[in-house]
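Peer 1: Quick note, the sequences are listed as chains F and S, same order.
Quick note on my numbering: the first sequence kicks off at 1 and runs consecutively.
Quick note on my numbering: the second sequence kicks off at 1 and runs consecutively.
No lab work stands behind these hints, which were simulated from the structure alone.
Don't take each hint at face value.
Which copy? The list can't say, so a pair holds if one copy fits it or any two copies do.
[Said to hold, decoys possible] Below, simulated SDA-like cross-link-like pairs (lysine to any residue); rule was C-alpha separation at most 20 Å, straight line: (1) Lys52 to Ile62; (2) Lys352 to Ile302; (3) Lys52 to Gln65; (4) Lys160 to Ser92; (5) Lys52 to Arg197; (6) Lys356 to Glu73; (7) Lys52 to Tyr287; (8) Lys408 to Glu348; (9) Lys216 to Ile387; (10) Lys357 to Pro341; (11) Lys373 to Asn96; (12) Lys300 to Arg212; (13) Lys408 to Leu40; (14) Lys408 to Tyr213; (15) Lys88 to Tyr121.
Each chain, written out:
2 protein chains.
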Amino acid sequence: MQTPWEYRYAHRIQTLRSSVIRELLKLTEQPDIISFAGGLPAPEVFPVDRFKDACNIVLETIGRQALQYSASEGYIPLRQLIADNANKEGVSFDINNVLITSGSQQGLDFIGRLFINQGDYVVVESPTYLGALQAWNMYGAQYISVATDEHGLIVDELEKALRIGPKFIYVLPNFQNPSGVTLSLERRREVVTLADRYGVPIVEDDPYGHLRYEGKHIPSLFALDSHYHNLDPNAGNVVYMSTYSKLLAPGLRLAWMIAPEQVIRKFVMLKQGADLHTSTFNQCVTYEVARDNYLDEYVKVICGVYKERRNVMFEMMDEIFPQEVSWTHPQGGMFLWGVLPEWMDAAELLKKAVEKKVAFVPGSAFHPNGVGKNTLRINFSYSSPEIIREGITRLGFLLREEVKTAVK
Amino acid sequence: MQTPWEYRYAHRIQTLRSSVIRELLKLTEQPDIISFAGGLPAPEVFPVDRFKDACNIVLETIGRQALQYSASEGYIPLRQLIADNANKEGVSFDINNVLITSGSQQGLDFIGRLFINQGDYVVVESPTYLGALQAWNMYGAQYISVATDEHGLIVDELEKALRIGPKFIYVLPNFQNPSGVTLSLERRREVVTLADRYGVPIVEDDPYGHLRYEGKHIPSLFALDSHYHNLDPNAGNVVYMSTYSKLLAPGLRLAWMIAPEQVIRKFVMLKQGADLHTSTFNQCVTYEVARDNYLDEYVKVICGVYKERRNVMFEMMDEIFPQEVSWTHPQGGMFLWGVLPEWMDAAELLKKAVEKKVAFVPGSAFHPNGVGKNTLRINFSYSSPEIIREGITRLGFLLREEVKTAVK
């Protein structure tokens with residue numbers, strides 16, 4: 001007798017598909033593939049020794065506490081460190097504005113749980129982060145995709161979208177995933193003003209803000225927004241998210257949300273039902289690793305490494321890619337965005353690329369409405385400069401061939 | 001200008017309350033309270049040195065891998081270890097039947113996501129685990145509470161409940177939280193038979209199965225169920241859950257689910273949207289701690305400690321509690337269940353108890369329908385024998401006083 005499991009699933013999961021990116025990551029597990037598909041940090045710069053020391057210190061000094069249950073809100077010293085860091089932008093958050101989550105993905109899930117009723121509209125950038133769509137599809141979200149250019153969201157388009165009555169605006173202001181584009185200061189001011197005028201909250205997702213390789217840091221949306229609320233940390237219009245996955249190590253699954261206290265209290269209740277709390281041990285160890293400004297020093301190291309890789313990729317693309325293909329020039333982060341000729345399908349290209357042992361992510365995955373068939377996301381943080389040279393060469397020759405065949 | 005956050009929340013969270021247990025745990029943070037309220041393991045027996053060695057070995061040998069992103073399904077050696085352990089019950093699961101979750105609470109959340117449509121019925125024991133109700137309320141579950149006695153679920157009542165058409169049956173067969181009761185072998189067979197007959201899956205939640213202080217291990221429901229399906233691990237009718245929180249350390253947030261592969265694949269998709277994957281580092285470290293049968297040896301140690309504490313509690317209750325109060329006599333686990341006289345309200349008693357600096361959890365929290373006002377849950381794993389003597393003395397004198405006042 002077979003139990004008919006498939007007749008028991010709730011309707012919310014009927015349309016559930018395995019994540020395109022996660023499935024593609026399986027390709028990267030073949031050792032002979034050069035993968036620009038994932039969003040992986042470079043493991044060879046992980047501060048393994050610092051982690052070793054931190055584990056030993058934590059277990060020797062607060063071992064029993066670190067292995068025990070702890071508060072849903074997170075480990076207080078870590079929350080304080082995060083608040084202190086945010087306050088460098090001229091705001092005054094305290095630990096009650098900070099929730100530790102099990103990775104940013106959990107933050108995205110909580111945002112869906114807290115805000116999205118079946119059929120609610122969410123404003124997203126076009127393209128936008130795939131993981132957010134994946135989290136919010138579960139709650140029945142519909143999307144209003146706002147066009148972007150090399151300075152981020154196009155503000156006139158955003159205002160039109162706000163008149164539709166969305167639940168919130170989702171923005172990745174720095175070195176966006178997938179496009180690599182950064183929202184300009186002028187537009188940030190306009191986005192914050194519009195959001196306040198229409199009473200629509202902003203979800204600011206900022207995993208890459210510290211990974212800047214040129215240019216100057218641009219104030220966060222939460223900092224710009226605070227001036228509309230007399231700098232009251234509990235009156236703002238922004239939920240801010242960031243993560244240690246890109247600053248230290250993703251294997252810890254440690255991220256955070258910053259928001260007005262009343263919103264954090266709701267997220268804490270969701271946290272209790274979702275996983276009680278994030279690993280106490282990982283929080284204690286990460287605090288021990290990050291403290292005494294170690295994180296600032298370490299970020300300089302990874303910025304040096306990623307900048308070199310980005311530059312090598314730019315050079316190789318300039319040299320080898322056919323002129324029919326263009327790409328963004330991110331000032332930081334991990335990704336750039338390629339635009340192929342209109343007639344070219346990136347998903348088809350991927351199949352051929354995998355035969356040549358090189359991989360990327362087709363851009364349509366980053367659009368809720370399936371457009372962007374001729375676009376692709378390329379990661380430059382994971383592979384060494386040598387591998388980047390080889391991979392871009394393979395991809396470049398494939399592209400040239402495609403263009404040549406089409407011209408015939 | 002204040003942003004009206006409260007008008008933006010989705011309807012599913014309008015009825016959200018902070019967990020009674022989590023709020024009560026805040027009481028236990030006052031150092032002068034003797035708390036029998038929490039479900040905490042004894043931190044003084046955490047194998048801190050073994051963890052230290054494991055961290056060093058992991059970081060020295062596979063440090064980069066342990067700090068990197070990893071598969072949503074979990075770390076393969078750990079999944080293999082879990083499958084091997086389950087297979088000691090005469091079944092033949094492989095790693096494709098195992099998903100690592102961020103604590104059992106996440107497993108409960110996933111079960112709600114996968115199975116519960118708004119208004120669906122779920123069969124639960126009366127009383128049942130509070131964290132499950134908390135997870136499933138979010139998905140709009142309704143509950144059919146089936147009465148229990150000292151041998152667990154009453155089977156005739158279960159059959160009546162199955163005719164109502166529930167989505168699944170939720171059972172904690174071993175040393176149940178909160179009651180401490182164990183489902184007898186005979187009833188297990190009957191539950192499995194009924195579930196198969198009515199085509200209703202079983203969710204078997206087993207955090208305490210290895211914490212047995214007397215008597216013999218009783219086969220798991222998944223093992224009994226497997227005989228209805230020709231021992232095919234992918235044809236069964238049970239989703240099984242257990243956790244390292246009670247076997248090793250809850251601060252890691254590491255638990256697992258075992259189910260037919262088609263069901264695990266669905267859970268994996270939910271995992272991708274919820275938090276991508278559980279901490280790679282914690283999975284590697286826990287495997288390193290648990291391997292080479294260390295876990296079996298360690299479980300003997302904690303069983304020794306908890307058995308002594310349970311016995312001290314039994315003795316003290318026998319000696320001091322008034323005869324109007326009765327309690328269960330669990331053969332394992334962490335909790336016992338007290339029944340007060342009908343007219344006594346455990347929540348009112350708690351207020352007086354906190355004044356005397358002793359705490360427990362009122363039993364009504366463990367009933368979806370608010371009954372059980374005269375019941376309470378008492379934890380015996382966390383406090384030392386000395387503290388148990390003092391705490392039960394305080395509680396016993398309070399109870400005597402209450403009974404005496406009422407008789408007048």
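Peer 1: I want to check one pair: Lys408 and Tyr213. Are their C-alpha atoms no more than 20 Å apart within a copy, between two copies, both, or neither?
Peer 2: neither (41 Å within a copy, 80 Å between copies)
Peer 1: Indicate which option fits the pair Lys356, Glu73 if close means a Cα-Cα distance not exceeding 20 Å: within, between, both or neither.
Peer 2: neither (47 Å within a copy, 29 Å between copies)
Peer 1: For the identical chains here, do Lys373 and Asn96 meet the 20 Å Cα criterion within one copy, between copies, both, or neither?
Peer 2: neither (43 Å within a copy, 34 Å between copies)
Peer 1: If the cut is 20 Å between Cα atoms, do Lys408 and Glu348 qualify within a copy, between copies, both or neither?
Peer 2: within (19 Å within a copy, 86 Å between copies)
Peer 1: Indicate which option fits the pair Lys88, Tyr121 if close means a Cα-Cα distance not exceeding 20 Å: within, between, both or neither.
Peer 2: Answer is neither; intra-copy 33 Å and inter-copy 50 Å both fail.
Peer 1: With identical chains treated as interchangeable, where does the CA-CA distance between Lys357 and Pro341 reach 20 Å or less: within a copy, between copies, both, or neither?
Peer 2: For Lys357 and Pro341, the Cα distance exceeds 20 Å both inside one copy (22 Å) and across copies (73 Å).
Peer 1: What label fits Lys52 with Gln65 when the C-alpha limit is 20 Å: within, between, both, or neither?
Peer 2: both (18 Å within a copy, 14 Å between copies)
Peer 1: Tell me, please, which holds for Lys52 and Ile62 at an alpha-carbon limit of 20 Å: within, between, both or neither?
Peer 2: Cα proximity of Lys52 and Ile62: in one copy and across copies (15 Å, 12 Å).
Peer 1: Using 20 Å as the alpha-carbon threshold, which applies to Lys52 and Tyr287: within, between, both, or neither?
Peer 2: Both, since 13 Å and 17 Å are each at most 20 Å.
Peer 1: Within a copy, between copies, both or neither: where do Lys300 and Arg212 come within 20 Å Cα-Cα?
Peer 2: within (9 Å within a copy, 53 Å between copies)
Peer 1: At most 20 Å between C-alpha atoms: does Lys160 with Ser92 qualify within a copy, between copies, both, or neither?
Peer 2: The answer is neither: 33 Å in one copy and 58 Å across copies each exceed 20 Å.
Peer 1: For the identical chains here, do Lys352 and Ile302 meet the 20 Å Cα criterion within one copy, between copies, both, or neither?
Peer 2: Classified as neither; 32 Å inside a copy, 57 Å across copies.
Of the numbered hints given earlier, the model fails hints 2, 4, 5, 6, 9, 10, 11, 13, 14, 15; all others are met.
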